[in-house]
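Participant: I would like the entire structure built from these sequences, with the hints used as guidance.
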Amino acid sequence: GFTAQTLGIKVSRAAAVSVNAVISLVFGFLLMVVATSFIGSFISFLTLLAVAFSAWIGVFGVDMLRRRSYDAAALMDTTRTSAYWYRGGFAWQAMTAWAVALLVGLLFTKVDWFSGPLASSWIGENGLGWAATIVVAGVLYAVLPRTPAAGSAAPAEPAGTRETVSI
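Adding 25 to a residue's 1-based position in the sequence shown gives its number in this note's numbering.
Derived by calculation from the structure, the hints in this document are not laboratory data.
Here are the in silico distance ranges between beta carbons for each label pair:
id, residue 1, residue 2, range
1, Phe63, Lys135, 16 to 26 Å
2, Ser145, Ala60, 16 to 26 Å
3, Phe70, Ser37, 28 to 38 Å
Ideal Cβ placement from N, Cα and C applies to all residues, glycine included.
Facilitator: This is the structure:
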């Protein structure tokens, strides 16, 4: 629901809230009916979420080190003219680094209903799969070739019309 709005898909707020409510109710019901332990399921959810966020942190961290600043107005621009549109709205380098790191992180992950093949390794046993995920995502994103953003060739706007966020 809200993700669709964030992606620029025209959907009313009521429809977005309704979709989110239905998804939440269905998953909540399934959790109550199917899960044998709420705490176990919740820990599994948080662990898998940590792996996905760790992959994102690796990509975002390298991107922040490269750029040092972001154009706040362009970040909110979901059109093809945005400086962050890249190709088809995605930076393939970032998505590739994220996906590969996510898979690597899952190799080290052990939760109630899933155990990666490397979960019994030192990294997996000590719960450091998230750290491996950050490193893999960051290194892979750093070595993949950079391509200019789609909007980078656009004419410059008059001074003062865009807000820049510096780090």
